[in-house]
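Novice: Residues per chain are reported as follows:
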Amino acid sequence: MSAMHPDEITARRLAGHDPMPPSMKVAPGTGDGTLIDDVDVRPPLVLNNRTFKEMTDIVCGYAENPPGRWWWPVFGMVNALAALGTGMILYLIITGVGVWGQTNQVDWAWDITNFVFWIGIGHAGTLISAILCLFKQKWRTAVNRAAEAMTIFAVICAATYPGIHVGRAWMAWMMFPIPNSNGIWPNFRSPLLWDLFAVSTYGTVSALFWYMGMIPDLATLRDRADRRLRQGLSTQTIAPFLPVRVDVLRAYIYGFLSLGWRFSSRHWHRYEAAYLMLAGMSTPLVLSVHSIVSTDFATSQLPGWHTTIFPPYFVAGAIFGGFAMVLQLMIPCRELYPNMKDIVTLRHLENMAKIILLTGSMVGFAYSMEFFIAYYGGNQFEIDVFINRAKGPYWWAYWTMIFCNVVSPQVFWVKAMRTSPLVIFIVASFVTVGMWFERFVIIVSSLHRAFLPGEWHMFHPTMVDILTFAGTFGIFLTLFLLFLRVIPVFALAELKAVLPQADPHGHSHGSSDGHSDHQDGHHAKGGH
Amino acid sequence: MSHSKRFQTESGTPIHGIVARFETPADVYHAAERIRDAGYTQWDLYSPFPIHGIDEAMGIPRTKLPLIVGAAAAVGVACGYLLQWYGSNIGYKLVTQGKPFGSFDGTGWESFVPIMFEVGVLFAAFATLLGMLALNGLPRHNHPLMKRDDFLGVSDDTFMICIEASDPKFSPEETKALLKSAHGMGIDFVEDE
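For the protein sequence lines, the chains are A and B, in the order given.
Position 215 (the first sequence) corresponds to 1623 in the working numbering; numbering is contiguous.
Position 63 (the second sequence) corresponds to 314 in the working numbering; numbering is contiguous.
The following block holds chain B by itself, in its conformation from the complex (with noise of 0.2 Å):
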């Protein structure tokens, strides 16, 4: 039994967590803060659009990300780099123009710095796409909220909370007033997969 299994709603079914709606990015922003002041850590806000300062609003850590391209882009130019001087020195030593060949006695590299940069943000880009969806689990396409029908509308206009019951701070009663004294609505308790 995993640690978010604790909860079952009175039928059996292992509870997922707590959802709750909001009608206006004002009131789920001011709830997020609310939760974030009272020390829950798994919990999530769904909203259509990334809301303005909503990361400071919940407390949400600067994302790893940036190291990971950084990384990668370190990594592209070097391969650049790699495959240019093994083209010209070890693969076709094609004489041009009397050029140094670009070895590693640093002559010539000159003429590889194009193609290091375009390898180098090749290999960004692609760890900023693939790096994103790794850190957000994606993709996956199923979660227990998903098969809720209100949850079809955080694609169009609504904002939702779902406060999950991994959290250690979760009761069924007491994280319920919460977003209930948050003002939200429609507060339901989401039933696992």
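Pulled out of the complex, with its shape left as it was, chain A reads as follows (with noise of 0.2 Å):
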């Protein structure tokens, strides 16, 4: 990415030839220098000590530098699964729902069982970009926009299965509050109707918060490509029969999207109140969005859905399954690109596993606090429906979700463990199938023995069901990788003003040395 970096040590740093310059020394049992137990000692939220410069460099690098030899491939294979799950809702659209294994009372199983965890899974760049905003988390900068695209992404892949589940997906407008010509009005008591406006809403506020975070970066690479342009360093082409330039296209999309950001400090302090108050309106919404979803169980006769433990259970759940995926999708990301380990640290990771930990042991206590309240509430049904979830036909996969999202995250506790990329990796990938698990436990075990026998039957997915669940994967990865490619992958701006030299306060005018003072590798004790 630096070749045509003038310094040629800051240049063999970007291209990560010298990951540490010699005069950088960590601590020994601290990792990669994050993982400081002394509470007085400020851990760096970015390591090797970049300078704006390299950030930057860095940063839109990503963005415009070819990506490794393994991106075309892995894009082909995503993008081959897409088409795959694109064809499955094309033939259901064409043929009909009877192509799901939708042949008894178990109406609602894969399609719901997708889309729950899919909107779950978005909760959790919602939870880094608003909630842990509002706590001055500062560490969220590292991961805030992958977190907020996958939760786009995944909002997408969730707001799919509404659509085609409708069985006739033409008639689909129906769900919305429109005068038609038949004189029909949604039921505006129904949680699905909420649910309706919940996930619409959180979608669009989800779409608005990543677009406005990204401006001042959309802006940074427009200048970086007008820069090229200026100076005549552009040479590179689309392609070699297409003769326009890609930095000029560079200027004018980027251009486009940054609506004129000129990082004016009258600017920034609308954009920082903006962004608080967009922050500080999410955090309810995002936790509305999944309380409806529950809703959408909870208010229904069912048992094991009536319960009013779900919206707080399915909330925890969500974060939970969130931010399993974030470490799944960050952890690959900082070993495929260089230099993405020193603003995605080992903090960062040991930071995201103890939120699974803590949030697995909440889902966990939900698990057991449903059991306790069938028995201890005396309804004959209630108890039923949850022996028969330990011990009846679905009994594994009851024990599934027990073992990925109760068991494997406590694995965590130990410090070794929660500060190992692949393991927690690993566990990421347990909860991931975990939480898939606990949507499928809730809706099937709870359907497949309805209070009349004649409804007692099996659910079976058909290779439709299963293949098209496969195709949001793919759906998902294309966007996700499509992301990596075109936009600025962090939130350069943020980032920067995490630095140490971003302090105002730091070192005043004099310092002709530039930033040698901040070179010496010792991390500021206390900070303000």
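Hints in this document: simulated from the structure, not taken from any laboratory.
Values in this document were obtained by computation on a predicted structure and should not be read as measured data.
For each residue, glycine too, the CB sits at the ideal point set by N, CA and C.
Watch out, some of these pointers could steer you wrong.
Said to hold, decoys possible - Simulated restraints on C-beta separations: (1) His392(B) with Gly1575(A): 43 to 49 Å; (2) Leu333(B) with Ala1615(A): 21 to 27 Å; (3) Arg313(B) with Ala1615(A): 24 to 30 Å; (4) Pro351(B) with Gln1818(A): 44 to 50 Å.
Stated by the list, open to error - Residues from chain B shown here face chain A by an in silico Cβ test under 10 Å; the list is partial: (5) Gly304; (6) Ile305; (7) Trp336; (8) Phe355; (9) Asn387.
Assemble the dimeric complex from its two separately framed chains, guided by the hints.
Specialist: Here you go:
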């Protein structure tokens, strides 16, 4: 990325040849230097004492330079998967919902499981961008952009399901309160309609939040393209037969999207106020979304669904599953992209592992509390449903869920485990599987033993069911890979603001030796 | 001739303002305090990220944006209620479980709360983004500063201050001297568009 960088030392560091300048010593037992137990020491949020310029080069480099050789094959694969999923959806719409395994009373099986699974994934992104912002957790800057992108892509995957499970997809517009010639309006007292409003508001507000956070970074990409054009350094064309320089395209597209942002402090003032307000309204919003999703179940009369613990339990589970997905995406990224380990440090991973442990224990508590209330409530149907979950025909789904969601995160009590990227990745994969099974258990195990024995059936997914779900992963990963390719993957302006040299009270004028006074590798005690 | 066209360069181009470059947040922070104390009002500071506490150092008044957002949220909640009231009482009076319709007599409004909340948030979120942009005068893809090569650095690692010619206290010599004494570098006139 840095062959053109005039300073050879910087160029080598940016290319990853000199990961650590000789002056930079990492204290033993602190991993990459961020796992400091001393509460008086503020661990660095970005490693290797990066300068502002290096941060710009690194982060913009991800969008400007060709990706590694892995990118095209992986993109091709997930794209094929996305095409397969889209094909399955088309087949469903052409043929009818009979191609799904909905041949008995377990109507809400696969599609709603997947809908709740995907919408839950999104919640971690909003938690990182909104709730951690309100709590002034600065480490969020390393993952918020990617997590917000993940939120939007997950909502896209989730929103697909209600659109197609209605059976006649061309009538899906009737979900919305649109005046129509039939004079029919939706039932505003139904949680399913609340759900529609919650999910569409959530998707829209997440996209607005994501876009607003990106405006300054898009302006940086615009300026870099502009600078290369002005200096005549831009030679790369879109294709040999298309003599349009890539930087012209970049300057126009990034320029258009950045709305002429010019980094004015008077603008920053309103921007920060707007950011804080969006964070403030996204926080109750994200809590409302999964609470409302849970009322789809909780307001029904079905044993196993009709419980008041559902809203908090669903929210905790959503954050749990979402963080697992963030980790599953970011751990491979930090291995595949140069210098990303300086931005997403071991401490970031450790913090997220701690949240997984916390929320995993919360869902574990909710699982046991459901059992306790079923027993304590003395309702025979409720008791039977819960015993049936653990010992009935779907016992394997239940115990997979317990193992993945409650048991596996407990390894994070050991520091060595929650600071090992490989262990975190494995546990996060378990959690993703476990959270899918949680929804499957709630939905299928309650429905397959409803009140009438005539309704007692097993649910069997068809190939179309399975491939559609696989296809949503393809859509999700295709969008994420495109995101890595063209959008600033990190919140660059926010990352610069958390560097030690961003503090206006740090060192005043006269230091003609530039940044050398924070090259000494010491971490500022305390900070402000 | 507008107020800002009072001054011209030797070649006769109108002056937009005087610009100075700074290398560290601390330098530009102290310069901002001095310019604020000198009584300038029409000036701006450009930095790659929001500098902590720069609002006070520049004397930027608190933004009115929260009022816009609050009003939008209230309108959103009201629209959310009206939409559901219309749909349930006029549009399609559907009896479900014998529940009240949520009319203005105060019965049955409880089940309208989730959608009122969601619509309120939706309106507020749009008001936040669009209000922020409107108050900032964006989108605006042209600006006298954008023609300068050194201004491209503010999206990277440079800090700049521009005191505009429209400021009542602006004077080519004194303003230049102030920026120089605040340790500004590359002090230069900015040509107007």
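Novice: Okay, His392(B) versus Gly1575(A) on CB: inside 43 to 49 Å?
Specialist: 47 Å, holds
Novice: Would the stated hint for Ile305(B) survive a check requiring a Cβ distance to chain A of less than 10 Å?
Specialist: 5 Å, holds
Novice: Please verify that hint: Asn387(B), Cβ, nearest Cβ of chain A, below 10 Å or not.
Specialist: 4 Å, holds
Novice: Per the hint of 24 to 30 Å, is the separation of the Cβ atoms of Arg313(B) and Ala1615(A) within bounds?
Specialist: Given about 28 Å between the Cβ atoms, the range holds.
Novice: Can you verify the interface hint for Phe355(B): is its Cβ closer than 10 Å to any Cβ in chain A?
Specialist: 15 Å, violated
Novice: Is 21 to 27 Å a correct range for the gap between the Cβ atoms of Leu333(B) and Ala1615(A)?
Specialist: 26 Å, holds
Novice: Is the hint on Trp336(B) kept, meaning its closest Cβ partner in chain A is under 10 Å away?
Specialist: Holds - the Cβ of Trp336(B) comes within 10 Å of chain A, reaching about 9 Å at its closest.
Novice: Quick check on the hint: Gly304(B) CB to chain A CB, less than 10 Å?
Specialist: Holds, because the Cβ-Cβ distance from Gly304(B) to chain A comes to roughly 6 Å (cut-off 10 Å).
Novice: For the pair Pro351(B) and Gln1818(A), does the Cβ-Cβ distance stay inside 44 to 50 Å?
Specialist: 49 Å, holds
Of the hints listed earlier, the one the structure fails to meet is number 8.
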